[in-house]
Amino acid sequence: MFKSTGKMIAGVLLGAGLTMVASQANAETLRLLTWGGYAPDKVVQMFKAETGIDVEVTNSNNEEMISKLRATGGAGFDLAQPSQDRVAGAQSEFDIYKPIDLSKIDATKIIPSMLEGTKKNTTVNGSAYGVPHVWGTSLLAVNTAMAPDVKDYLDLCDPKYTGKISYRLKRPILMAFAFSMGMDPFAAYNDKAKYQDILNKVEAKLIECKPIVKAYWSGADALIALMSSGEVVAAKAWDGTGWKLTAAKPEIKTMAPTSGALGWIDTFVLPKKTQNEAAAYKWINFVMRPEVAAMIVEAAGNFTAAVDGDKFVEEGARKRFQDTFPPEAIDNIKWYPPVPTGLEEMEGKVLDRVQAAK
Amino acid sequence: MRMQSATRLALFLLLAPIVLWLALLVILPHVDMFMVSMRERVGIRQYEYSFANYVEFFVEPLYWRTFARTAIMSIIATVMTLLIGFPVSYYIAKMLRGRMKNFLFLLCLVPFWVSELVRTFGWMILLRESGVISNLMQWMGLVSGPVEMLYNDATIMVGFIYTSMLFMVVPLVSTLDSLDDSLVEAGYDLGGNAFTVLRTIIIPHAMPGIVSGCIVVFMLTLGNYLTPVLLGGKDSLWFTEQIYTQFITRFNWEQGAAFGFLLLGLSSLIVWAGLRLSRQTLSQTMG
Amino acid sequence: MTDATDESELYDLECRNLVRTFGAFIAVDDVSFGVPRGDFFSILGPSGCGKTTILRMMAGFDRPTSGDILIKGKSVVDVPPNRRPVNMVFQQLALFPMMTVAENIAYGLVRKGLNKTDIADKVKSALGRIGLPTSGGKSIKQLSGGQQQRVAIARCLVLEPAALLLDEPLGALDLKLREHMKVELKKMQDQFGTTFVYITHDQSEALVMSNHVAVMNKGRFEQIGSPQDLYYHPDTAFVAGFVGDTNRWHGRVESADASGVKVVSADGVNLIATAAGKTPLVQGGEVDIFVRPESVVIATGEERVSGMENRIEGDLVSILFNGANSRALIRDRHTGGELDVALPQTGEFSHLKRGQAVHLGWGKAQAKAFAADARRDQGVGT
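Protein chains in written order, with the numbering used here: chain A, 2 to 359; chain B, 3 to 289; chain C, 3 to 384.
Do not take every clue at face value.
To be verified - Listed next, the stretches of chain B that the computed footprint assigns to chain A, with coverage defined by at least 3 CB atoms under 8 angstroms from CB atoms of chain A:
#, segment
1, 63–75
2, 126–133
3, 150–157
Claimed, not checked - Only some residues are given here: those of chain A computed to face chain B with a beta carbon under 7 angstroms:
#, residue
4, Ser68
5, Ser93
6, Glu94
7, Ala216
8, Ser230
9, Thr342
10, Glu345
The hints are simulated quantities; they were obtained by calculation from the structure and are not laboratory data. Just so we're clear, the structure is a prediction, and the values are computed from it rather than from any experiment. Yeah, the Cβ is synthetic: ideal placement off N, Cα and C, and Gly gets one too.
Okay, chain A solo, but in the shape it has when bound (with noise of 0.2 angstroms):
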């Protein structure tokens, strides 16, 4: 019943719109969902220049670009690009992706071992969804002068920075106090008892640690504003932000943490209506090119998965990275495996009570 009115209403809105979008849609576009700095406008131009395809690019996160998908059940994009644990989940919950023909990617331009681990981890009833393009991990930035002895998750509940510290409220928090106290929840993710029994550990010392927190920050910017202001000294970050402000202010220094940082890799998936799939194939092999990989490389602050993408990186940015990264820290990375349905359900709650913590 209440299936046949969301459509109805759905039908009758869209009737009117679509016919109007029909008519400007002669020029070929490929509307594109995904992250700041993934699509920059040079790319996009050079991309018009070359196959006449105009590019709408639509900034968003990954619970959005899940609940838009879902709201039209797959309409309204060409492509997008979540990250790669959060694709099979929401594809067996709400059915809005496509499976991919990986044959018409070219394979030779994707790092081989990202390429099968993605693969791996958005297959859904035998079908791939996925394929790699950006990665990136989150892990602490640290102002050295004033916070000399952060190295870990769990030095951010320090009372001696307390006022000074700053982290993002969402479910990497809970996985980064997770593996800081010794624990593994990816490991947990298919026994949700055990599951439970984790995050109620963290809970407790989320808790326990909210008085040190100057505030929750909400995005990239809020952060950098915090950090370069000196106001906090401390914060679990994404690499992208930290090397910027590395780059503005060189005693912040980005630092995987000895817990390790937690990797993610986003990744290309076609929503299921998606009206324009020869133009996406074509999206991603071009931004697969080293030099237009290397291009996004700076727009995004963040490494892609293209085969030698790095070699064209301005010196100053892969300075940055080997600093962050030696090469015993690159093999700490906790990749994000795929969620399983129901856990952000759990982490939900957690997260709602430490906010609503005294």
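Following the hints, complete the assembly by docking chains B and C onto the known chain A.
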């Protein structure tokens, strides 16, 4: 007979757009949302009808505490906006004439020329630890170190009052404008002082404006999202934020829809109680 | 004040050398007067003459630029309106719409801090005196215009003020009610024995109700006197023109002596008049001559008017029938000027036809000549 059916047809055609508008854009989405709120997820892509989402609100103290906090802070914000807005409105409506009046009225409008986001960031620039006011106070020697004025409930309150002021001032100015000056003078003439004239003449006259301003401000504050999230800091909890979280980050549309309906119902209840307390009716207030 | 002594204790209300300026504009220009206890005192003048400003200064809503206001012999210039023992009835009445009739009347008593039973008693007796004994619980909107008027006055009178100030309170009423309220107001004043200060631009209101009238023009008092004084013995051309209806000529003095003033009007009529006003008339000086409509004798034959100093032949333009107050409009055959003439109540002229020739005449004593005032530009009174 034919005439009659013709007029009926004409009436129907005239009403059709508004009926369609109401049905398609107001009623149907609410019905659909209500249906969503009434289903419970039992497995992957499996749902059952139940009140579980509503029950959740009452059994999980976190949620109703968040609601209570939201409602109480909204009421406080409404009262404070009224306390600040009333003298401002009185000054604009009764003390000023001509150009100055329009100018001050426009001044209340100025903050709305930029988006709410920009306005909120403006407050953040002013109030943060390394911000303008903190630096000014240090420069003047009032404090020895930086002062953090962001991230607490008082700051949220300031943000709310700032955002709501116009919506309180506009109805107040228009009702106070209609107050005949001679009523105030008569009040004094018959022996009233400033307080009794305010209490017995000005406030009863302005009551419809006060109530409609309060309803608008209360609803706006209750439904505000950006101000509590950006200015509130680590302890801030706001019910609309909770709804957003349920919909967007938890993908739990069922819970979000139920919260939405609870917000609608509970806020209507508060407005109704407010009308009863001030002995006003909705039609008096809006008319 | 003709019948008052110098002792200011006899005055309930007194103004001394009152001046109020707004920038360069002088609204009230050195006005002094006193209102004796129990008097019905009117200030009569055209709109904009400054009468409302005087009233507001007496009530305390405005502050004099200079001069003094005394109530019962004490200066009140520094006393705020809520502490002055005078009350005001506003032009639009200013009854409180959010209160009942009884609450309106009780308002001032409550402010005085009287106890509840006293207030209830006083309200009840006031309602009885204004003829609305059962209307206490009604809302203001349920009352007629005249009833509202009475409530507005009762609301002030229960406070037993030293004086009641009334700001054209009849202006908003229709003609019939206005006539009725004139009588009623006078009755109420007698009943309560309170001093009334009444301002109006309507001379008939002032003449009917008042013991004393001050005629005001351009911020100054032209004359203070009883209605009869003003009507029969105006001091200035303005008063003569403003109070009561009158015919008016403007002209130049041919000769002036004890036997009368000979004047040639601007349109060439020879008139003989009596000198009036304070400024002496000189030969060649400009004058205004006023003749009341009821002073003019109208006749169909010449012999009826032959003994009079001033005679005019004219034709009837129209009859303005109004019962006992019927008038005829006559055009001067030689000059074309029009005259307003009262018809005798006998009805002997009711048969007159338009265009019919008539003879008009009046004695020199009925024609008053005033030296033309430099400030003269107000029209003839209504």
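Hint-by-hint comparison with the structure:
1. 63–75: Coverage by chain A holds here, the residue count being 3 at a Cβ distance below 8 angstroms.
2. 126–133: holds (count 3)
3. 150–157: As far as the segment 150–157 of chain B goes, the hint holds, because 3 residues have Cβ atoms under 8 angstroms from chain A.
4. Ser68: holds, 5 angstroms
5. Ser93: holds, 6 angstroms
6. Glu94: holds, 6 angstroms
7. Ala216: With Cβ-Cβ at 5 angstroms, under 7 angstroms, it holds.
8. Ser230: holds, 4 angstroms
9. Thr342: holds, 6 angstroms
10. Glu345: Given a least distance of 6 angstroms, the restraint on Glu345/A holds.
In summary, this structure violates none of the numbered hints.
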